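A.B. asks: Okay, here's what each chain looks like letter by letter:
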Amino acid sequence: MHTTHVTWQLGQGAGWRPQLDGAIARAEGLGFIEVIAEAIGAHGMPAGVAAAMKRGLQVVPHGVSLSLGGAERPDRRRLAHLAAVAEQVGAPLVSEHIAFVRADGRESGHLLPVPRSREALDILVENVAIAQEALSVPLALEHVAALVQWPGAEMDEAAFVSELVERTGALLLLDLSNLYANAHNHGYDALESLGRLPLDRIAYVHVGGGRFRDGVYHDTHAEPVVPGVLHLVEELFALTDAPGVLLERDDDFPPEAEFAAELEAIAAAARHGREHRVRA
Amino acid sequence: MSAPEGPRGADPDREAYAARQAHLLDALLRGHEPPEGFDAAQAGAAGSALRRKRGRAVALAWPALTLELGDAFADRFDPYARAVDAPASGSPLEDGLGFARALALDARGLGDDARVELLLARAALCRHGVFASAALLRRPRRRLLVVVRLPWLMRVPNAIAIAPPNLHLSVRVLRKNPADRRGRRR
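Chains as they are written, first to last, in this note's numbering: chain V, 1 to 280; chain W, 1 to 186.
Isolated chain V (complex conformation) (with noise of 0.2 angstroms):
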């Protein structure tokens, strides 16, 4: 068992990309970002991460590739992979996804969803196990937004990630977009989900934009973050005081300030809910 607590205060979050660079690097108050551990290559740190780094923003490897909810064990390389980055970054720690992107050769190109049965838990368990053996830092799993859900599930989803989280001793990346994103498309309260998740066992939480389409909620990453989200960050921190949260944004760039405000409206919400729980 690797069962690690958390002892980090991480602060304010962006996801670093290229697109980003100038908006996170004059960004105010960030305590942290995050970078894709794939983009990451031999060739060196990106200037920007490498900029971050000296102005003492800490860095997290969040890896896209490794399948840890595949039938495959993780692969040697993408693991070694993953643990260079965190050493070469200093990183706290590291986090992966709870779902499968590549089956039988193929690659699906994105994060998909793991069925929410006993035997595919167990799988999930012994991989996750594989990757912390091959890191030297603590491990986060975040829960995916999944359009498509296994039939013959065993147990929702809050159940499934807290067992999980229990059985790895690895700790919680929540995906409060993801959250929001799955309530809305298979029909369930997002806050009593949120009310069942180990909280305590949050290493930091994710906020996304998205958008509706055809009256299903896409989490693009490409458009503002919608009000539900911004009120599931008040409740979140109405419930505890999470270490980090973080904005990420992959595509269709807004101007800086936009950003800016985006990372701002995200702050306000998480005072909120804290000026809530102080005074309860």
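These are computed hints drawn from the structure, not numbers from a lab.
Remember, predicted model here, so these are calculated numbers, not experimental data.
Careful: at least some of the hints might be erroneous.
What the hints assert, rightly or not - To give an idea of the interface, some chain V residues facing chain W are shown, with a C-beta separation under 10 angstroms as derived from the structure: (1) Phe100; (2) Gly105; (3) Ser108; (4) Ile123; (5) Val137; (6) Ala146; (7) Val148; (8) Trp150; (9) Glu154; (10) Arg213; (11) Asp214.
Think of the CB as a built atom: it goes at the ideal place given N, C-alpha and C, for glycine as much as any other residue.
Fit chain W to the known structure of chain V by using the hints.
C.D. replies: This is chain W only, laid out in the frame that chain V set:
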């Protein structure tokens, strides 16, 4: 917690699980009926999202072709993505070249920018040594763009633009990524 080390695929649970994941993935990528028990509308939305994401990466690597196709891009990319898997390299440039070929675009019907983009992508992705091809550009004046790739000389495609009528010869060495507009001619 120990990590069991058996040979890959030796575990019957994992084998059955692999087959189920492969079946779902195939249905999503191809836009086929999902496996039994799945909600067809949900699977349809998930499959479309996967193909849209793939198309977005191609669009970013192929800005001129994307501009040229305009609103038709999405409608034409989706059937392509259903029929043809993304290249193993994961390269959106290579994916876009396959897409352009599948469209059987008549290069003469394309604008200058898209033709240059196509030519440079073909040169960059050429795996068999020497590459040479040309396109007659129309604006701002008629010029012949010759793209030559000499792999033993340099790894990037070398473009030579010859501008009649004064036969002024300009040679530009391009950056490694030909989809990068900053690296292009002029």
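A.B. asks: Confirm or reject each hint.
C.D. replies: Results for each hint:
| no. | hint | in the structure |
| --- | --- | --- |
| 1 | Phe100 | 6 angstroms, holds |
| 2 | Gly105 | 8 angstroms, holds |
| 3 | Ser108 | 6 angstroms, holds |
| 4 | Ile123 | 6 angstroms, holds |
| 5 | Val137 | 17 angstroms, violated |
| 6 | Ala146 | 8 angstroms, holds |
| 7 | Val148 | 4 angstroms, holds |
| 8 | Trp150 | 7 angstroms, holds |
| 9 | Glu154 | 14 angstroms, violated |
| 10 | Arg213 | 8 angstroms, holds |
| 11 | Asp214 | 8 angstroms, holds |
Checked against the numbered hints given earlier, the structure breaks hints 5, 9 and satisfies all the rest.
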